[in-house]
Amino acid sequence: MAKISTNQTSLCDRAHDIWKEQRHPLDGIFHPRSVAVIGASEREGSVGRTILWNLIRSPFGGTVFPVNPQRPSVLGIKSYPDIASVPEIVDLAVIATPAATVPQVIRECVGVGVKGAIIVSAGFKEIGEAGAALEQQIIAEARRGGMRIIGPNCLGLMNPIAGLNATFASTIARAGNVAFISQSGALCTSILDWSLGENVGFSAFISIGSMLDVSWGDLIEYLGDDPHTHSIVLYMESIGDARAFLSAAREVAMDKPIIVLKVGKTEAAAKAAASHTGALTGSDAVLNAAFRRCGVLRVNTISDLFDMAEILAKQPRPKGNRLSIVTNAGGPGAIATDALISGGGALSELAPETLEQLNQFLPAQWSHHNPIDILGDASSDRYAQTLEVVASDPNSDGLLVILTPQAMTNPTLTAEKLKAYSKLGKPILSSWMGGAEIAAGTQILNQAHIPTFPYPDTAVRLFNYMWQYTYNLRGIYETPSLPADSEIHAPDRILAAQILTKVSKSDRTLLTEYESKQLLAAYGIPTIDTSIATSDMEAVEIADRLGYPVVLKLHSETITHKTDVGGVHLNLADAAAVSGAFEAIASKVRSIDPEAFLGVTVQPMVKMEGYELILGSSLDPQFGAVILFGMGGQLVEIFEDRALALPPLNTTIARRMMEQTRIYKALQGVRGRQAIDLAKLEQLLVSFSQLIVEQPQIREIDINPLLVSPEGMVALDARVLLHTTADFAQKPLPAIRPYPTKYVQEWESPKGDRLTIRPIRPEDEPLMVKFHQSLSEESVYLRYAHTVKLKHRIAHERLTRICFIDYDREMLLVADRQVPQTLEHEILAVGRLSKLHGTNEAEFALIVGDGYQHQGLGTELLSRLLEVGKDEQLSAIVGYILTSNYQMQSLCRKLGFEFQPDRETGMLKAIFGKFYR
49 MAKISTNQTS LCDRAHDIWK EQRHPLDGIF HPRSVAVIGA SEREGSVGRT ILWNLIRSPF
109 GGTVFPVNPQ RPSVLGIKSY PDIASVPEIV DLAVIATPAA TVPQVIRECV GVGVKGAIIV
169 SAGFKEIGEA GAALEQQIIA EARRGGMRII GPNCLGLMNP IAGLNATFAS TIARAGNVAF
229 ISQSGALCTS ILDWSLGENV GFSAFISIGS MLDVSWGDLI EYLGDDPHTH SIVLYMESIG
289 DARAFLSAAR EVAMDKPIIV LKVGKTEAAA KAAASHTGAL TGSDAVLNAA FRRCGVLRVN
349 TISDLFDMAE ILAKQPRPKG NRLSIVTNAG GPGAIATDAL ISGGGALSEL APETLEQLNQ
409 FLPAQWSHHN PIDILGDASS DRYAQTLEVV ASDPNSDGLL VILTPQAMTN PTLTAEKLKA
469 YSKLGKPILS SWMGGAEIAA GTQILNQAHI PTFPYPDTAV RLFNYMWQYT YNLRGIYETP
529 SLPADSEIHA PDRILAAQIL TKVSKSDRTL LTEYESKQLL AAYGIPTIDT SIATSDMEAV
589 EIADRLGYPV VLKLHSETIT HKTDVGGVHL NLADAAAVSG AFEAIASKVR SIDPEAFLGV
649 TVQPMVKMEG YELILGSSLD PQFGAVILFG MGGQLVEIFE DRALALPPLN TTIARRMMEQ
709 TRIYKALQGV RGRQAIDLAK LEQLLVSFSQ LIVEQPQIRE IDINPLLVSP EGMVALDARV
769 LLHTTADFAQ KPLPAIRPYP TKYVQEWESP KGDRLTIRPI RPEDEPLMVK FHQSLSEESV
829 YLRYAHTVKL KHRIAHERLT RICFIDYDRE MLLVADRQVP QTLEHEILAV GRLSKLHGTN
889 EAEFALIVGD GYQHQGLGTE LLSRLLEVGK DEQLSAIVGY ILTSNYQMQS LCRKLGFEFQ
949 PDRETGMLKA IFGKFYR
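Under the numbering used here, the sequence shown has 550 at position 502, and the numbering climbs by one with no breaks.
Hints in this document: simulated from the structure, not taken from any laboratory.
Hints may contain errors.
[Claimed, not checked] Taking lysine-lysine pairs in the DSS-like style, the calculated list, with each CA pair at most 25 Å apart, reads:
#, residue 1, residue 2
1, K304, K550
2, K465, K362
3, K471, K304
4, K779, K790
5, K713, K655
6, K790, K550
7, K918, K957
8, K799, K818
9, K713, K728
10, K839, K367
11, K799, K779
12, K553, K779
13, K471, K362
14, K839, K818
15, K790, K713
16, K550, K474
17, K918, K883
18, K655, K728
19, K883, K942
20, K367, K474
21, K362, K304
22, K550, K779
23, K362, K474
24, K883, K957
25, K655, K610
26, K918, K942
[Said to hold, decoys possible] Quick list of the computed label-pair ranges, beta carbon to beta carbon:
#, residue 1, residue 2, range
27, S583, A180, 36 to 46 Å
28, A714, A538, 27 to 37 Å
29, L781, A843, 51 to 61 Å
All C-beta atoms in this analysis are idealised placements derived from N, C-alpha and C, irrespective of residue type, glycine included.
Produce the entire structure from the sequences given, and follow the hints as far as they go.
Below is the structure:
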């Protein structure tokens with residue numbers, strides 16, 4: 049019976065709790081049992097002395113060893129001349145020696161088995177090539193011994209929960225549940241000082257420096273598993289390994305908010321950040337697209353960074369952008385409204401039943417609309433009654449309560465009354481405006497988990513961040529649609545490859561317009577019927593065949609922008625006009641470059657009225673290919689109405705991309721015009737994205753204009769630029785790993801059924817629901833080692849984590865069968881391979897539908913997972929099997945697994961590693 053159980057019970061369906069199961073490579077840095085301070089010093093005010101003193105005065109449960117070849121003791125503690133002389137195994141080395149000495153220090157640490165280091169020393173890539181060369185020596189030594197490094201050029205690291213202070217800051221942070229990571233050590237000390245005054249606590253406080261080894265992605269992954277961390281806030285100057293950041297952030301963001309303050313929006317700030325870290329800061333617009341894609345919330349100020357961490361810890365996320373405002377003064381309500389609308393939020397429209405209930409107890413002079421002005425003499429009871437009614441309004445996604453201290457209003461008593469409404473199922477924020485008079489009320493509200501702010505526009509700005517965060521997360525995990533005819537209209541990849549190979553072999557990087565349209569058509573993107581003419585007579589013959597009016601465009605292998613050289617003639621009504629246009633184009637182009645003119649293309653003049661859009665892709669040095677969508681035409685640079693996204697796209701992400709543009713409102717239909725087929729446009733964007741990820745030879749591509757109307761859509765012009773052989777080898781990896789088509793293979797069952805074994809897609813969620821509905825209780829028990837109710841197994845929140853996977857982190861293969869009678873698809877079996885955090889191992893899980901057991905499908909699926917593991921260069925694959933699941937044990941044994949008892953779970957641990965050694 050091809051089933052495997054795991055020991056987890058979470059709806060997240062995590063492979064297992066690795067936090068408890070094994071030590072993570074970063075545990076030696078965050079939870080060291082022994083620390084060596086290399087460069088420890090007696091000199092007052094030195095970094096080496098401060099770090100040693102901080103480790104001593106804040107007990108973390110481990111031993112501290114000073115390393116200084118010049119002194120027998122430091123601060124009264126026996127010192128050692130080098131790391132090799134330390135009498136115990138050292139988990140963490142904190143290095144505070146001159147930059148030039150660090151490579152040798154790391155070499156010595158690796159030699160004695162030190163697994164973690166913090167390099168606080170400066171003088172590396174931020175000073176230029178010499179410093180960068182030192183870094184390369186350091187990382188080469190570290191990788192030789194599997195050592196992980198934080199820094200260089202950093203303040204160090206604190207784990208306030210454990211009492212660890214491996215920094216040269218003046219004191220340790222308070223313990224709390226917010227993890228703070230910063231590339232600026234100076235900002236760390238400022239935040240630390242602020243937090244002590246504000247009573248803000250941290251689960252981790254990390255100065256990451258220039259990220260030679262440990263990156264944002266490593267820390268986000270680690271803190272995502274940390275039970276003490278509830279939210280993660282970042283001060284970022286450069287993103288480093290973009291793929292690792294996006295992968296880790298996307299996995300963690302659904303469970304823990306990740307809030308980032310990224311500097312470098314302006315050119316001057318970008319230069320300052322680059323000079324500080326010695327790294328690229330990246331295009332700000334592309335960074336925003338990346339943050340949206342992985343569910344990270346970007347804020348603009350330090351105060352917003354920590355305010356949002358507090359709010360998201362105290363209040364639920366709003367479902368939308370509609371806010372209800374209750375106030376006892378018109379002015380603050382108007383200020384809040386301006387801030388709300390300018391930030392993209394909306395005032396909720398009060399439902400008729402809400403208005404009716406409010407009218408029953410509010411004075412006749414109340415505003416009768418939102419903002420709900422309950423007047424200056426509002427009592428605490430009036431506030432409470434109003435809030436109770438408004439909280440139930442179905443049109444409201446959140447509430448803001450504003451109070452100004454007036455003679456008839458008691459701020460403290462009102463706060464006491466509102467405490468009962470801290471858990472409404474939608475966020476409630478407050479603004480108690482004033483000074484000493486409202487202080488007690490503010491404290492009451494904050495203690496009741498109702499975030500309170502001195503100004504209403506501040507509260508509204510944070511509400512706007514909240515709904516934007518919800519919007520981003522929903523965009524990632526909304527189930528996209530798969531067109532019914534997707535298999536019929538699959539891309540002609542062979543034709544696309546032939547076109548690109550032909551161009552490359554002719555030593556060109558620029559495709560002609562004709563070749564570009566052929567390429568688009570191969571991926572199902574509609575183009576206009578286009579023919580090439582090399583003489584005026586041939587052009588007239590083609591035009592006669594197509595029917596007038598027609599368009600003539602320059603056909604050239606070297607000239608990119610045809611309009612710049614008079615290479616486009618529109619609306620040619622007869623043969624004479626066509627002949628004249630041919631001669632005009634030929635004459636003009638030959639005067640510029642005699643070899644550039646190869647003829648013209650002839651195509652029908654499209655009479656369709658609609659909107660001109662642009663759809664394109666270019667290469668970002670950090671994130672790889674980036675897709676652009678927006679208003680097109682000749683004035684595209686003037687209007688700058690565009691949105692960016694990282695491929696691959698699905699229909700949900702494509703729609704979100706469109707929604708970010710101003711032209712989207714017009715596409716929905718305005719001023720009596722019909723809406724265009726938005727679902728069809730979504731699919732066109734998805735097809736374009738597929739072209740980008742499947743044909744990596746493409747460096748740049750523009751479809752401008754893409755003409756869309758209620759009658760249809762067509763690419764009128766296109767420009768495609770390929771990589772040269774030299775730059776193709778240097779191009780950045782895609783920031784998001786695309787769908788791994790190489791793992792799509794056919795399989796025939798003993799009954800003769802043709803199945804496709806393939807990686808799962810986000811669009812498979814409905815099929816997964818049906819699959820779980822078909823499973824027997826026994827199959828479920830053997831998979832999960834306990835019973836799991838169907839409603840939990842098919843919950844959207846759970847299935848999103850199964851269908852919307854990051855193919856870098858896990859691979860989930862499904863056996864897909866098309867039912868001959870209905871032509872609908874069904875999933876018959878699922879096999880999952882999940883990488884274990886901080887290791888090069890993965891855990892597998894497997895379940896086969898009851899109707900397809902005992903037919904070899906489980907063996908085939910597990911064999912494919914082992915092949916995936918080999919391709920991904922894993923060191924081992926493990927699985928946990930119930931001792932009573934003999935058939936699964938037999939299957940694993942047949943494929944070469946070895947077994948050992950697992951004391952913690954009471955199950956058998958199956959281990960496969962012989963192909964990877």
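Evaluation of the provided hints:
With a CA separation close to 49 Å, the supplied pair K304 and K550 exceeds the 25 Å bound. Annotation: proposed proximity of K465 to K362 holds, straight-line Cα distance about 18 Å (limit 25 Å). Between K471 and K304 the CA atoms are separated by roughly 19 Å; this keeps the pair inside 25 Å, and the hint holds. Taken as a hint, the K779 and K790 pair is honoured in the structure, with Cα atoms around 21 Å apart against an allowance of 25 Å.
Restraint check for K713 and K655: the C-alpha separation of about 23 Å stays at or below 25 Å, so the hint holds. At roughly 24 Å between alpha-carbon atoms, K790 and K550 fall within 25 Å of each other, so this suggested pair holds. The hinted pair formed by K918 and K957 meets the criterion: a straight-line CA distance of about 20 Å does not exceed 25 Å. Note on K799 and K818: the hinted pairing holds, with a Cα-Cα distance of about 22 Å set against a maximum of 25 Å.
Between K713 and K728 the CA atoms are separated by roughly 16 Å; this keeps the pair inside 25 Å, and the hint holds. For the given pair, K839 sits about 22 Å from K367 by alpha-carbon distance, which is consistent with the 25 Å threshold. A threshold of 25 Å between alpha carbons decides the hint, and for K799 with K779 the separation of about 47 Å lies outside it, so the pair is violated. Among the hinted pairs, K553 with K779 is consistent with the structure: their alpha-carbon atoms are about 20 Å apart, no more than 25 Å.
Of the supplied pair hints, the one linking K471 and K362 holds, its CA atoms being roughly 9 Å apart against a limit of 25 Å. A C-alpha spacing of about 12 Å is found between K839 and K818, which places the hinted pair at or below 25 Å, so the restraint holds. For the proposed pair K790 and K713, the alpha carbon gap of about 39 Å is over 25 Å, so the pair is violated. The suggested pairing of K550 with K474 is violated, with an alpha-carbon distance near 59 Å, which exceeds 25 Å.
A distance of roughly 13 Å separates the Cα atoms of K918 and K883; the hinted pair therefore holds under the 25 Å criterion. This hinted pair checks out: K655 and K728 have alpha carbons roughly 20 Å apart, not beyond 25 Å. A hinted pair counts as satisfied when its Cα atoms are at most 25 Å apart, and K883 with K942 qualifies at roughly 23 Å. Proximity of K367 to K474 is assessed by CA-CA distance (about 8 Å); at most 25 Å being required, the pair is judged to hold.
Under the criterion of a C-alpha separation no larger than 25 Å, the hint pairing K362 with K304 is consistent with the structure, at around 13 Å. With a C-alpha separation of about 21 Å, the suggested pair K550 and K779 falls inside the 25 Å cut-off, and the hint holds. At most 25 Å may separate the alpha-carbon atoms for a hinted pair to count; K362 and K474 meet this at roughly 11 Å. A threshold of 25 Å between alpha carbons decides the hint, and for K883 with K957 the separation of about 16 Å falls inside it, so the pair holds.
With a CA separation close to 21 Å, the supplied pair K655 and K610 stays within the 25 Å bound. Straight-line distance between C-alpha atoms of K918 and K942 comes to about 18 Å, which keeps the hinted pair within the 25 Å bound. Between S583 and A180, the C-beta spacing of about 58 Å breaks the proposed range 36 to 46 Å. Taking 27 to 37 Å as the suggested C-beta distance range, the pair A714 and A538 conforms, at roughly 32 Å.
Take L781 and A843: their Cβ atoms lie about 34 Å apart, and the range 51 to 61 Å is violated.
This entry does not satisfy hints 1, 11, 15, 16, 27 and 29, going by the numbered hints stated previously.
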